[in-house]
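Student: These protein sequence lines are chains A and B, in that order.
Mapping of the first sequence onto my numbering: residues 1 to 759, in sequence order.
Mapping of the second sequence onto my numbering: residues 1 to 299, in sequence order.
Certain hints may be false.
[As the list claims (entries may be wrong)] Here are the simulated lysine to aspartate or glutamate pairs, EDC-like style, with alpha carbons at most 20 Å apart: (1) A:Lys669 - B:Asp64; (2) A:Lys669 - A:Glu129; (3) A:Lys669 - B:Asp269.
To be clear, the hints were calculated from the coordinates, so they are not data collected in a lab.
The model shown is predicted, which means the values in this text are computed figures rather than measured ones.
Here's the letter readout for the chains.
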Amino acid sequence: MKQPHELREASVIGTSPPRKEGVAKVTGKAVYIDDLPVAGALYGVTVRSRVARGHLRGITYHPGVPWEDFHVVTAADIPGENTIALLEKDQPCLADQRINHPEEAVVLLAHPDRELCERARRLCELHIEPLPTVFDLDESLDGEVRVWGDDNILKQFSIDKGNVAEALATAPIIVEGDYATGAQEQLYIEPQGMVALASPKHGITVWGSLQCPYYVHKALATLFGFPKERVRIIQCETGGGFGGKEEYPSMLAAHAALLAWKARRPVKMIYDRHEDMLATTKRHPSRTRIRSGHDESGKLLALDIDFRLDGGAYMTLSPVVLSRGGLHASGPYHCDHVRIRARAAATNHPPHGAFRGFGAPQSVFAIERHLDKVAAQLGIDGAELRRRNFLAPGQTMATGQVVRDEIDLPELLDRALTMSDYARKRTEFARLNAESASRGTPIRKGIGLASFMHGAGFTGSGERYLASVVAVDATPQGTVRIRASSTEIGQGKDTVFTQIAQDVLGLPSHMIEVVRPDTAEVPDSGPTVASRTVMVVGKLVQSACQELRRKLSEGGLLGESYTPTEFASACDIFHQLGGVLRVESQYQQPTGIEWDDKTYKGDAYATYAWAVYVAEVTVDLTTYETRVDRFWALQDAGKIIHPVMAAGQIEGGVAQGIGFALYEKVVWKEGRMQNAQMTNYIMPTSLDVPDILVEFDDRATRLGTPAAHGPRGAKGIGELPLDGSAPAVASAVQHATGVLCGAVPMTPEDLMQALEAAR
Amino acid sequence: MSHNLSDFVAQSVQTLPEALRLLAEPADPSLGPWRPLAGGTDLMVTLAAGTLPAGRYVDIWPLDELRGITVTDQAIELGALTTYTEIRQHAQLMTEFPLLGLAAKETGAIAIQNRGTIGGNIANASPAADTPPALLAYDAELELTSLSGVRTVAYSQFHSGYKQMDRRPGELITKVRLRRPPSDAPGRTVHYYRKVGTRAAQAISKVCLAAFARIDGARLLNIRLGLGSVAPTPLRCTRTESVLLSGPLDEALIRRAEATLAYECSPIDDVRSTSAYRRRVTLNLLRELLQQCRSDRRE
Numbered sequence: 001m002k003q004p005h006e007l008r009e010a011s012v013i014g015t016s017p018p019r020k021e022g023v024a025k026v027t028g029k030a031v032y033i034d035d036l037p038v039a040g041a042l043y044g045v046t047v048r049s050r051v052a053r054g055h056l057r058g059i060t061y062h063p064g065v066p067w068e069d070f071h072v073v074t075a076a077d078i079p080g081e082n083t084i085a086l087l088e089k090d091q092p093c094l095a096d097q098r099i100n101h102p103e104e105a106v107v108l109l110a111h112p113d114r115e116l117c118e119r120a121r122r123l124c125e126l127h128i129e130p131l132p133t134v135f136d137l138d139e140s141l142d143g144e145v146r147v148w149g150d151d152n153i154l155k156q157f158s159i160d161k162g163n164v165a166e167a168l169a170t171a172p173i174i175v176e177g178d179y180a181t182g183a184q185e186q187l188y189i190e191p192q193g194m195v196a197l198a199s200p201k202h203g204i205t206v207w208g209s210l211q212c213p214y215y216v217h218k219a220l221a222t223l224f225g226f227p228k229e230r231v232r233i234i235q236c237e238t239g240g241g242f243g244g245k246e247e248y249p250s251m252l253a254a255h256a257a258l259l260a261w262k263a264r265r266p267v268k269m270i271y272d273r274h275e276d277m278l279a280t281t282k283r284h285p286s287r288t289r290i291r292s293g294h295d296e297s298g299k300l301l302a303l304d305i306d307f308r309l310d311g312g313a314y315m316t317l318s319p320v321v322l323s324r325g326g327l328h329a330s331g332p333y334h335c336d337h338v339r340i341r342a343r344a345a346a347t348n349h350p351p352h353g354a355f356r357g358f359g360a361p362q363s364v365f366a367i368e369r370h371l372d373k374v375a376a377q378l379g380i381d382g383a384e385l386r387r388r389n390f391l392a393p394g395q396t397m398a399t400g401q402v403v404r405d406e407i408d409l410p411e412l413l414d415r416a417l418t419m420s421d422y423a424r425k426r427t428e429f430a431r432l433n434a435e436s437a438s439r440g441t442p443i444r445k446g447i448g449l450a451s452f453m454h455g456a457g458f459t460g461s462g463e464r465y466l467a468s469v470v471a472v473d474a475t476p477q478g479t480v481r482i483r484a485s486s487t488e489i490g491q492g493k494d495t496v497f498t499q500i501a502q503d504v505l506g507l508p509s510h511m512i513e514v515v516r517p518d519t520a521e522v523p524d525s526g527p528t529v530a531s532r533t534v535m536v537v538g539k540l541v542q543s544a545c546q547e548l549r550r551k552l553s554e555g556g557l558l559g560e561s562y563t564p565t566e567f568a569s570a571c572d573i574f575h576q577l578g579g580v581l582r583v584e585s586q587y588q589q590p591t592g593i594e595w596d597d598k599t600y601k602g603d604a605y606a607t608y609a610w611a612v613y614v615a616e617v618t619v620d621l622t623t624y625e626t627r628v629d630r631f632w633a634l635q636d637a638g639k640i641i642h643p644v645m646a647a648g649q650i651e652g653g654v655a656q657g658i659g660f661a662l663y664e665k666v667v668w669k670e671g672r673m674q675n676a677q678m679t680n681y682i683m684p685t686s687l688d689v690p691d692i693l694v695e696f697d698d699r700a701t702r703l704g705t706p707a708a709h710g711p712r713g714a715k716g717i718g719e720l721p722l723d724g725s726a727p728a729v730a731s732a733v734q735h736a737t738g739v740l741c742g743a744v745p746m747t748p749e750d751l752m753q754a755l756e757a758a759r
Numbered sequence: 001m002s003h004n005l006s007d008f009v010a011q012s013v014q015t016l017p018e019a020l021r022l023l024a025e026p027a028d029p030s031l032g033p034w035r036p037l038a039g040g041t042d043l044m045v046t047l048a049a050g051t052l053p054a055g056r057y058v059d060i061w062p063l064d065e066l067r068g069i070t071v072t073d074q075a076i077e078l079g080a081l082t083t084y085t086e087i088r089q090h091a092q093l094m095t096e097f098p099l100l101g102l103a104a105k106e107t108g109a110i111a112i113q114n115r116g117t118i119g120g121n122i123a124n125a126s127p128a129a130d131t132p133p134a135l136l137a138y139d140a141e142l143e144l145t146s147l148s149g150v151r152t153v154a155y156s157q158f159h160s161g162y163k164q165m166d167r168r169p170g171e172l173i174t175k176v177r178l179r180r181p182p183s184d185a186p187g188r189t190v191h192y193y194r195k196v197g198t199r200a201a202q203a204i205s206k207v208c209l210a211a212f213a214r215i216d217g218a219r220l221l222n223i224r225l226g227l228g229s230v231a232p233t234p235l236r237c238t239r240t241e242s243v244l245l246s247g248p249l250d251e252a253l254i255r256r257a258e259a260t261l262a263y264e265c266s267p268i269d270d271v272r273s274t275s276a277y278r279r280r281v282t283l284n285l286l287r288e289l290l291q292q293c294r295s296d297r298r299e
């Protein structure tokens, strides 16, 4: 018989068992939305505006298809409110009179023949009288053409600490810089898709590829004016999300449901890659202006940051993306006088949205590039400059949040520098580059770094408002079922939740079942975003399992220690006695966390993951192509539950970050993406991604005081690698070429231009 | 999915004469003439994108007589349906005409290489295709066949404008011929191929230079330059070649060649790259090639 302390020693936390959801995926048995057989289903297609802004004056259905066989839906067919309910209700589900971006859905068509749908789509002509447009973020802020509200500003706030004006006036050294990042497409493997059933008797049921079942649920209940219980959302196997399936699935689900409602038949809508790239959300493009004051040693005396995002035509999640961006804008550095002004502006691009990192990759890029500019100006090594400015426990961040994490950033930096042999390479490459330049040969080498942090869980009071719930029940056979709306989207959620439950209950993996997210079956544990699934929801899984165990032991059915068989028979007896073996655990904000939404003061996040990334590159001046040769990713993200999957998350995030830095450029024309194909939107391949050395430190656990907010001291890691990869690569490109590299993507064309401008 | 299959007619044929008979049929008033469909690696992409013109397609994939690589004393001949994979696997072709193998290796993914054909690549007439620069560097010949007979055309004369070519109605590209140089040809040979596509695989080129040169001491005896993606057609750079043959290969000559090449190419801005980048990199590649020619000399 196992003793409790032996259970602990044998914990699966920190081991890497095979993925629970893995076998179905690799054997092709997993059912994705387009695999779902639906008898009698119609196909649905979308007629889009194609004009960036205007008045919709009419619709013509040209002859060429049997229109009488089609189900046609326009805004007039919407039973409830014509909106995709999220933060605001500014975005219509189907455009009615006003068109605000070129991919706006106006008409929906359904027919049993998929090809006929396509022909009909082309025969449906929209008459749109154009209106003046705005595509440039700063032109939008100038407000000459108003495209949203009174001033085009979707959200603005400022974070103020100390007195920046005064500190800048007296600082001996002032450095200024402008930085920019581009839109980025999530490029999940599986394009978006939904199947909807609708009837007056049963209400609406939607199956789909999605991250956040309850977001879709809220949107559909509003759209149809239905009570909650008449809407049911079921997640199918989902081929990746990266934030791209956070808000857009509500739109596609709404379209499928409206067609199904009108046709009284099931409707399937699947985007192909082209439509998916054109119409769905991308990472917000950003511009940042930084003015900083320093003493001669490089110490930060004042930091004045102006952070701007292009939100696209509607609000969607821009205010929250802006918040996270602003809250990460000053980086892991201490400064007594900080002002961060953050604004998200509306343009006539399709709405930008959630993408792994959620605003932080944009603002972290700016501060990290700025520090390299400061380092170059002062003649100090970039690593040393960062060391002189690192935050330490007890110091305050820009919001006044006191650093309580057990963290030693100089130590983390030293380890990264040692791992990468940074100091030697820094000197060696500089010497080699000088030699190559004098010989006229084209190869340059560089090494650079970025240090950064990423807040885990929702921003500010977000988690308190969400008040997430996880339920756990046990069958008479002893199978424990975890019920949460958190979705498996490739990251291994089912496996990690199982490990957390096993850790509490001491049961083998096969006795833990993670219930597929279905709003009829699982409570709302919040969206699967914000690096919160392990830390926040995982903690609820842990506490619910503890409660379940307590329930069985309180009744005397379970001793201090037990075998799986004893656990099963305890469950059986409990059921026979007529008990309900189901418990719920709800998020409680930990004491000592204070946040003020109005002033942006307080504890922006309960805790942070901290990291130092180093990149080594080769630039070939024959073609201006940059190749990342090696990459070192060192982070302290608390206790790592499943090291193999966690390393996979970091590697994938670094690859995505390399794409963000060097390859992935959205080419816009009049608000439309011109390169919406994977042949012309250049995502790096496995041949373009180097060996990535991933290391995790967990200083808090090493010192015997695991981080408090997640299960067993876990924090969030999902978004972290996106923040630091691009600035580390850009830093290395600067070392190799002398070009500051203040804007990404830094394509070969851009690097050539920068080098020619510098000559 | 943006296409409508009912707009298309496709017919498979089993023999070359059968194919030629269909290709010789007059154009249908609504569906137009028959167009050949070989590996389909480009047609299927345009079909999926909804940009393939509706019409009649004759599937020539089953024609084994158009497959295979034949070596004679004078030439290596590739049937028009020879795939990139077959090119890569042919040892003698890879030894004597390595640029073709390098081009085949750079084309698409393995699945594309298994299906894509040399004849299809030529007839598709994309200025960004990977094999045409290599064919230009080797001064390849094309054999075109119709019901009225067989005709041979120098590949450098084949493309006349964007997607325009010297293929007469009813003709099918049946063979690509590479003349084997005499074994006692003077000088040292340089074969150069560089495709610039930004990512290391699965890329469409922004610039591609293929070159074959013979050099003796300080002088080029012969040079042929084939460029991709910098003009409406794959481009043979004869003016630059003439400059390079006009004197010893020194810095002054290289500069004159660069100036000539800058004039000879006519790159554009598009979704993949910029005119300025393509022109600059074209010249950089030329310099890299010529430095290779000179450094070989020193060895």
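Student: So which of those numbered hints doesn't the model satisfy?
Tutor: 1
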